[in-house]
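Order-wise, the sequence lines are chains S and D. For the first sequence, my numbering begins at 1 and goes up steadily by one. For the second sequence, my numbering begins at 1 and goes up steadily by one.
Where hints are given, some of them may not hold.
As the list claims (entries may be wrong) - With the C-beta cut set under 8 Å, the calculated list includes, among others, these residues of chain S facing chain D:
id, residue
1, Val-30
2, Ser-31
3, Glu-244
4, Ser-267
Said to hold, decoys possible - No more than 30 Å apart at the CA atoms, straight line, and that leaves these computed lysine-lysine pairs for DSSO-like:
id, chain 1, residue 1, chain 2, residue 2
5, S, Lys-47, D, Lys-151
6, S, Lys-47, D, Lys-243
7, D, Lys-160, S, Lys-123
8, D, Lys-255, D, Lys-361
9, D, Lys-263, D, Lys-243
10, D, Lys-151, S, Lys-123
11, S, Lys-123, D, Lys-438
12, S, Lys-123, D, Lys-361
13, D, Lys-160, D, Lys-263
14, S, Lys-47, D, Lys-263
Said to hold, decoys possible - From chain D, some residues computed to sit far from chain S (all C-beta separations above 12 Å):
id, residue
15, Lys-32
16, Gly-36
17, Gly-230
18, Ile-257
19, Gly-433
20, Arg-448
By construction, these hints were calculated from the structure, which means they are not laboratory data. By construction, the Cβ of each residue, glycine as well, lies at the ideal position given by its N, Cα and C atoms.
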Amino acid sequence: MTGKIPIAKTYKLFINGAFPRSESGRTFSVSNPEGELIANVSHASRKDFREAVRAARAAQFPWASRTAYNRGQILYRVAEMLESRKTEFVDLLKSIGVNSRSATREIEDSIQRWVWYAGWSDKYSQILGSVNPVSGPYFNFTVPEPTGVVGIIAPTEPSMLGLISRLVPAIVSGNTVVVVSEGKSSLTSVTIGEVLATSDMPAGVVNILTGDQTDLLPWMVGHLDVNAVDISGISHETDMTLIEEAASNVKRVVSRQVNEESLELISDFLEMKTVWHPIGR
Amino acid sequence: MGNSNSKDGSSLKDFGIEYASAIESTSLVNIKDKYGLFIDGNFVDSSSGKSFKTLDPSTEKPLAIVAEASSDDVDRAVSAAGVSYEKYWKRMPGADRARYLFRIARHLQERAREFAVLETLDGGKPIKESRDVDLPLAAAHFFYHAGWADKLEYAFPQRKLEPHGVIGQIIPWNFPLLMAAWKLAPALACGNTVVLKPAETTPLTALLLAEVIREVDLPPGVVNIVTGAGGTGSAIVEHPEVKKLAFTGSTEVGKLIQRSAVKRNLPLTLELGGKAPHIIFEDAALDQAIEGVINGIFFNQGHVCCAGSRLLVQESIADNFIDRLQTRIELLRVGNPLDKNTDIGAINSKAQLERIDQLVKAGIDEGAEVFKPSCSLPENGYWYPPTVLTGVQQSHRVAREEIFGPVLVVQTFRTPEEALEKANNTPYGLSAGIWTEKGSLIHWMAERLRAGVIWANTFNKFDPTSPFGGYKESGFGREGGMQGLAAYLKNSGGRS
Chain S
1 MTGKIPIAKT
11 YKLFINGAFP
21 RSESGRTFSV
31 SNPEGELIAN
41 VSHASRKDFR
51 EAVRAARAAQ
61 FPWASRTAYN
71 RGQILYRVAE
81 MLESRKTEFV
91 DLLKSIGVNS
101 RSATREIEDS
111 IQRWVWYAGW
121 SDKYSQILGS
131 VNPVSGPYFN
141 FTVPEPTGVV
151 GIIAPTEPSM
161 LGLISRLVPA
171 IVSGNTVVVV
181 SEGKSSLTSV
191 TIGEVLATSD
201 MPAGVVNILT
211 GDQTDLLPWM
221 VGHLDVNAVD
231 ISGISHETDM
241 TLIEEAASNV
251 KRVVSRQVNE
261 ESLELISDFL
271 EMKTVWHPIG
281 R
Chain D
1 MGNSNSKDGS
11 SLKDFGIEYA
21 SAIESTSLVN
31 IKDKYGLFID
41 GNFVDSSSGK
51 SFKTLDPSTE
61 KPLAIVAEAS
71 SDDVDRAVSA
81 AGVSYEKYWK
91 RMPGADRARY
101 LFRIARHLQE
111 RAREFAVLET
121 LDGGKPIKES
131 RDVDLPLAAA
141 HFFYHAGWAD
151 KLEYAFPQRK
161 LEPHGVIGQI
171 IPWNFPLLMA
181 AWKLAPALAC
191 GNTVVLKPAE
201 TTPLTALLLA
211 EVIREVDLPP
221 GVVNIVTGAG
231 GTGSAIVEHP
241 EVKKLAFTGS
251 TEVGKLIQRS
261 AVKRNLPLTL
271 ELGGKAPHII
281 FEDAALDQAI
291 EGVINGIFFN
301 QGHVCCAGSR
311 LLVQESIADN
321 FIDRLQTRIE
331 LLRVGNPLDK
341 NTDIGAINSK
351 AQLERIDQLV
361 KAGIDEGAEV
371 FKPSCSLPEN
381 GYWYPPTVLT
391 GVQQSHRVAR
401 EEIFGPVLVV
411 QTFRTPEEAL
421 EKANNTPYGL
431 SAGIWTEKGS
441 LIHWMAERLR
451 AGVIWANTFN
461 KFDPTSPFGG
471 YKESGFGREG
481 GMQGLAAYLK
491 NSGGRS
């Protein structure tokens with residue numbers, strides 16, 4: 001006898017800082033390469049998506065109103081939490097078939113990426129904003145602001161780095177997000193949710209759903225309280241006419257194959273605001 | 001048309017002011033009977049032989065017959081732009097592109113009066129606006145962007161910048177030449193070639209710009225101008241060789257264009273409608289605020305996407321403010337757009353006049369009270385008096401829908417929080433105005449208003465260095481400034 005029977009983790013959704021099961025009661029199974037069941041994961045429904053958008057909307061302005069320094073601190077704190085759970089993440093990747101060396105590398109890269117974006121919180125507006133020399137007695141400046149609530153279809157490969165590469169550039173500027181993960185990448189996504197829940201990240205800033213990306217795609221692009229979507233992770237076979245509904249509220253639609261750290265991914269979810277005021281006595 | 005006496009005679013006399021008419025001469029302008037399409041550096045007939053009339057909306061008299069581009073014509077224009085991109089424009093050093101743009105700017109300045117008069121004839125806007133706003137700004141846009149053409153790597157360092165290639169641009173009828181300048185100048189500066197479609201009610205200044213483009217020897221096909229209505233526009237939108245689209249116009253049409261572009265992952269910028277809140281706090285400098293509100297809604301007959309069409313006035317000063325506003329409106333001179341004294345010109349088209357009329361009637365049906373000044377309107381042409389609707393609820397159509405005419409809707413508020421809530425309660429987000437003498441309140445409001453342009457203690461100011469564009473359903477992408485260049489380059493790092 002080598003010990004007690006292991007207690008397996010239940011993989012649930014992450015909405016508004018809590019871990020509910022899908023209201024639909026549905027689950028899907030994730031197995032290791034040998035075909036052995038790892039977990040039955042919650043299969044999010046359209047209603048779960050709407051709940052998540054509600055949470056993201058409520059959290060958006062408070063998150064954006066924190067100082068850039070404070071957002072940077074909170075994000076850096078998440079990196080600390082990731083670092084302390086490094087072995088757990090490596091094991092998780094190994095369980096879904098990633099070899100040991102690649103798994104370690106992916107987790108290290110993910111943590112580095114998180115720290116890289118965290119450091120942008122109080123800098124991107126100095127790079128992307130401007131004071132504009134208008135032809136008249138006016139003080140005129142342009143500042144970037146977050147777009148609002150962002151829906152993300154994260155790339156499923158690599159499962160940890162793919163999600164983090166899309167998630168952090170969206171939230172660093174004050175957007176809140178609803179992420180949809182599917183398949184094996186669901187395990188790392190939910191575990192990232194657990195890290196966030198034990199960090200200082202306010203509830204609702206990041207909401208993580210697991211399920212079928214193609215199923216939830218039409219609800220995401222059609223939802224009138226979602227301001228932007230990142231569909232970079234959708235599969236090549238996706239029927240692109242499903243994206244048309246994004247026009248119902250003039251959503252910003254981003255689809256970029258960028259695999260490295262990039263300021264571009266921050267600016268994808270920014271709006272430029274320009275303010276004029278007269279100069280006089 | 002001695003408009004000033006007959007229109008507002010009684011109230012002007014109360015103030016002891018009279019204006020003699022001062023009609024701008026049209027002798028500078030030589031309008032042809034017929035205009036062709038501008039493709040590959042030449043004016044050509046449409047392949048279908050179809051054409052349409054463009055009118056002077058202040059008299060309803062036809063000005064010219066203009067060719068209507070079919071999808072074959074659009075195809076020819078796109079091919080010309082494609083060939084020209086490969087042959088000339090892509091290879092040309094930025095410094096040389098700059099020289100062409102500087103030349104266009106200078107020619108616009110030199111021929112400014114001619115352009116201004118033509119703009120007023122074809123569109124109905126007062127000559128003082130086309131002369132003092134549209135033309136100087138159009139020239140300034142070319143001048144500003146000319147200087148960028150050989151400095152793009154400073155705007156976006158460490159990037160492999162590339163133009164898109166052939167760009168399709170569709171512009172509206174409210175600022176015909178200025179919108180052409182907003183679209184063409186950055187596109188050309190960044191090394192793209194263009195197929196541009198002006199609006200069907202106001203094609204003439206774009207076609208005069210085509211003449212200028214020939215005058216300055218811009219290589220043929222770099223700019224192609226195809227005239228027509230929605231069918232011509234959708235031929236541009238659907239053309240497979242168009243690598244990027246830029247549209248300014250209604251949110252309704254913008255959504256159709258996005259539907260088509262998004263499934264092809266085609267780069268797109270949209271500058272759409274608005275329903276801008278114009279917020280007056282009790283401590284505002286009231287005389288200036290009144291002028292700001294007047295300019296905000298009556299500039300260009302209210303045919304302005306960023307018009308301050310929803311007045312939100314603090315309850316404590318509301319009665320007094322509305323009284324003073326009405327007094328000021330009595331002094332506005334509505335009439336012949338060519339008269340240099342005219343404040344409000346003609347409505348751009350019959351269709352737009354009907355839309356304004358229908359929406360105001362809906363407002364009255366829903367319980368709004370109407371104020372219109374005692375001015376009389378010319379018999380011919382399309383006219384709508386400056387109008388104020390009070391007693392309007394947030395749910396009323398006139399508070400939610402863009403009227404795009406000289407109609408101001410008034411609501412009141414008690415606290416900054418309430419002003420903000422009402423201001424942001426709209427699917428639009430193009431612009432907003434704030435009037436208060438309290439600096440911290442300006443910044444508090446400016447930070448929270450969901451709109452791309454905030455005018456504080458001023459309104460309706462534009463500049464080529466100042467990025468312009470919307471939040472939410474008012475569109476995406478910016479025009480003007482360094483940020484506006486991003487839309488016309490691949491790999492710039494900005495949203496394109």
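Hint check results:
1. Given the 8 Å rule on beta carbons, the hint for S:Val-30 is violated: about 31 Å separates it from the nearest Cβ of chain D.
2. Here the hint on S:Ser-31 is broken, as its CB sits about 34 Å from the closest CB of chain D, past 8 Å.
3. Interface hint at S:Glu-244: satisfied, since its Cβ lies 5 Å from the closest Cβ of chain D, which is below the 8 Å cut-off.
4. The restraint placing S:Ser-267 at the interface with chain D holds, with a minimum CB-CB distance near 5 Å, inside the 8 Å limit.
5. Proposed proximity of S:Lys-47 and D:Lys-151 is contradicted: the alpha carbons are some 50 Å apart, above 30 Å.
6. For the proposed pair S:Lys-47 and D:Lys-243, the alpha carbon gap of about 38 Å is over 30 Å, so the pair is violated.
7. Of the pairs offered as hints, the one joining D:Lys-160 and S:Lys-123 holds, with about 22 Å between alpha carbons and a cut-off of 30 Å not exceeded.
8. The straight-line distance between the Cα atoms of D:Lys-255 and D:Lys-361 is roughly 27 Å, inside the 30 Å bound, and the hint therefore holds.
9. Our distance criterion of 30 Å between C-alpha atoms is met by D:Lys-263 and D:Lys-243, whose separation comes to about 14 Å.
10. Note on D:Lys-151 and S:Lys-123: the hinted pairing holds, with a Cα-Cα distance of about 23 Å set against a maximum of 30 Å.
11. For the proposed pair S:Lys-123 and D:Lys-438, the alpha carbon gap of about 29 Å is at most 30 Å, so the pair holds.
12. With a C-alpha separation of about 51 Å, the suggested pairing of S:Lys-123 with D:Lys-361 is violated against the 30 Å cut-off.
13. For the hint linking D:Lys-160 to D:Lys-263, the alpha-carbon distance of about 26 Å falls within 30 Å, and the restraint holds.
14. For the given pair, S:Lys-47 sits about 25 Å from D:Lys-263 by alpha-carbon distance, which is consistent with the 30 Å threshold.
15. Interface exclusion of D:Lys-32 from chain S stands, the closest Cβ pair being 34 Å apart, more than 12 Å.
16. A cut-off of 12 Å between C-beta atoms confirms that D:Gly-36 is not in contact with chain S; the least separation is 34 Å.
17. At roughly 17 Å, the least C-beta separation between D:Gly-230 and chain S is larger than 12 Å, which holds for a residue marked as non-interface.
18. Some Cβ of chain S comes within 12 Å of the Cβ of D:Ile-257; the nearest lies about 8 Å off, and the non-interface call is violated.
19. Residue placement check: D:Gly-433 does not keep its beta carbon more than 12 Å from all beta carbons of chain S (closest about 10 Å).
20. For D:Arg-448, the condition that its CB be more than 12 Å from all CB atoms of chain S is violated, with the nearest at approximately 8 Å.
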